[in-house]
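A.B. asks: Residue numbers (our numbering), protein chains in the order written: chain P, 700 to 1118; chain X, 700 to 1118.
The hints are all genuine.
Result set (SDA-like, lysine to any residue): computed pairs, CA atoms no more than 20 Å apart in a straight line:
{"hint": "1", "chain 1": "X", "residue 1": "Lys914", "chain 2": "P", "residue 2": "Gly892"}
{"hint": "2", "chain 1": "X", "residue 1": "Lys914", "chain 2": "P", "residue 2": "Gln1091"}
{"hint": "3", "chain 1": "X", "residue 1": "Lys975", "chain 2": "X", "residue 2": "Cys947"}
{"hint": "4", "chain 1": "P", "residue 1": "Lys740", "chain 2": "P", "residue 2": "Leu766"}
{"hint": "5", "chain 1": "X", "residue 1": "Lys964", "chain 2": "X", "residue 2": "Arg996"}
{"hint": "6", "chain 1": "X", "residue 1": "Lys914", "chain 2": "P", "residue 2": "Ala903"}
Sample of chain X residues facing chain P (criterion: CB under 7 Å; computed from the structure):
{"hint": "7", "residue": "Asp940"}
{"hint": "8", "residue": "Asn944"}
{"hint": "9", "residue": "Val1117"}
According to the in silico footprint, chain P covers these stretches of chain X (three or more CB under 8 Å from chain P):
{"hint": "10", "segment": "1061-1068"}
{"hint": "11", "segment": "1092-1100"}
Rather than coming from a laboratory, the hints here were simulated on the basis of the structure. As the structure is a prediction and not an experimental result, all values here were calculated from the model. Idealized CB from N, CA, C, for every residue including glycine.
There are 2 protein chains.
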Amino acid sequence: MRLTQDILRETKAAAPVLAAASDEIKNAALRSIAESLLREKEAILAANRQDVEAAREALGPVMIDRLTLTDARVEAMARGVLDVVELPDPVGRVLRHTERPNGLMIERVSVPLGVIAMIYESRPNVTSDAAALALKSGNAMVLRGGKESYLSNAAIVHAIHSGLNAVGLPKALVGLIEDRTRASARELMEAEGLIDLLIPRGSAGLIRSCVENAKVPCIQTGTGICHIYADATADIGQALDIIENAKCSRPSVCNAAEVLLVHQKIAPMLLPRLHKRLREEREAKGLPPVELRLDARAAEIIPGTPAGEMDFDTEFLDYILAVGVVDGVEQAIAHIARHSTGHSEAILTRDDAAAAAFTQRVDSAAVYVNASTRFTDGGEFGLGCEMGISTQKLHARGPMGLEELTTYKYVVRGAGQVR
Amino acid sequence: MRLTQDILRETKAAAPVLAAASDEIKNAALRSIAESLLREKEAILAANRQDVEAAREALGPVMIDRLTLTDARVEAMARGVLDVVELPDPVGRVLRHTERPNGLMIERVSVPLGVIAMIYESRPNVTSDAAALALKSGNAMVLRGGKESYLSNAAIVHAIHSGLNAVGLPKALVGLIEDRTRASARELMEAEGLIDLLIPRGSAGLIRSCVENAKVPCIQTGTGICHIYADATADIGQALDIIENAKCSRPSVCNAAEVLLVHQKIAPMLLPRLHKRLREEREAKGLPPVELRLDARAAEIIPGTPAGEMDFDTEFLDYILAVGVVDGVEQAIAHIARHSTGHSEAILTRDDAAAAAFTQRVDSAAVYVNASTRFTDGGEFGLGCEMGISTQKLHARGPMGLEELTTYKYVVRGAGQVR
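Build out the structure end to end from the sequences listed, making use of the hints.
C.D. replies: Following this line, the structure appears as structure tokens:
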């Protein structure tokens, strides 16, 4: 096993080569990596079968499905890498140009961050997705995936290395951490001077640990206690569609809704229809019904589980929805300020003033009027890709595309100016 | 003494009022604060005399001068606040607008960060400067100054509170931490959910402590081991002017040069003239001469102190310059990569290729061609002001003006879209 420090040092040393590379070279590397992934598909699938076999006892069927690669999934990984080729180069853009009265020419120019590290737990395809985004934005990448997917990740990184080598770039540009214990995650968090940005993607516990322990710059991602507020003037039919979509289209993801707040005026009309829509009608279609956890005011209107103390502060990631009745938009905004993780919230309304108050004062990465929270996604926002969804305010907020993987520097040209 | 937690909670609760305030209201508050500072000038000066008296034994004359307020300095503080009125409102700008094929209208809009906290050690005027920048950018501010300037800071914050009250804004928008022990600094670093950005301004030890201990988002500022590289083709007369300016115009500040690297070809011409310029000529003018700490190759050409192990890794903040001879621009870039703090570096050259290599590959906040590093400053860069100089890559790099005190959110308007 190679030492984590050695891998970090090698990646750091290799990074400047890529930072100076043209878009043509970066695109050639991505095309070459896509080819390698297809060429080495059998090796990747064989490694993945070993991972799946070893994990079969420890993981449930949903996790096994997330872990499992197929021909189609490896081909999708290669296509994903090729998609990144088409995105504009985020590096070298002149973001601002000033000529000062003393003649200094000051340019603010976008540059890569340097080395991006990611700690992740989920699907092996994240390995190639993340590496492709890092390379396109001129960054070297250090990957530390979950131990259950280690062999798959190693096979994918092997293909990435083949691809880099084929175009004459050092394979150290993409490093895979070999130590599968918790110690290596901690080492990444403390690797000052070797990592310019650490992105944790995975459980709330992992993200918490990074916030508490990281000495390197870190971006919090993903935890989403997303709210939908149905205002007095909401279109009830549209509201039902949006609520069902936001809750049920993919309950395991961070932009799924967890909490519904309903204006007291509309609650007597909306809640009974919602109950029918999310329970009877879904059951009739053979879909999983949604468990409704109700505050006292909602429980006066429809049957459901009484909400417990933590139900308005829980990312269920499941077919569960906490439901509360509020006096109006002010109370909804105040509730969200207390309970939200700052990911995505929506107001359903036909009242422009209520929409304006909500979008102005709800302090989350994405604030919606009359649309599902499920759209908070790099692809859906037109960024073309996504390295994660930031729920912090520093540097990047919401879906992180290529631009969010860059920083800038000032280049100042003079003719002998002194101060 | 009020508890730090109570002050933080009050400031956090007050912040949304300001975030929603128009530029007119923010400007009215700033004008009102400027008036209060002048009206309460005598009280501020009296408090400052007590601070100065108490500190006279502990602090040297330079620090006493930094601590001391005068009529003129308080008037300059008020003028500084009024200058901020003239700057454009950084909040509410639509940074990007997209209409998606499904009809969603997505706007990326600049918004305040929320609550900015600053831990600082130096001059009391930082108190009003920082508060003015925070308020103009829609942020509430928590101030934790040095204990030696506590009474001065409290009197200045009193004037700020009078100014806020006079325009009907809550005084909790600017909180002063009353606990003068180290415990309060630590509390700020750990105040998750109550502080959106922590800016440490002061000693390297303070900044280190924030990086190691902060659980709230933090921006490293100020440490500057700035390099000047005199290339083979440098104009020697211009080089001497720039080097003397960068080292001597204000050696105590972070953008002063600490290290000079000289191309071997030009070293035999440049170094003897530099020695004369920085020593004999300055002494003849009654100016402090610069101590030259020389590497072995420089020591073969001119007399000076042999450089010790740490001299190329020290922010002297004094009339001391470490001098080394290098083979060329590649070696200079490599030296800077190993020893720089990422603040400001300059190349002096008439060779476009060398300038291009240097600006492209030196990874610092500001990279200069033929100008003094002393220009790295919000005012000199045309930002109109400065909250500090970031030496990290995340969020903001180099001088932090008003824009750098904002984040953004996505406002998404739909007509019932689901995914």
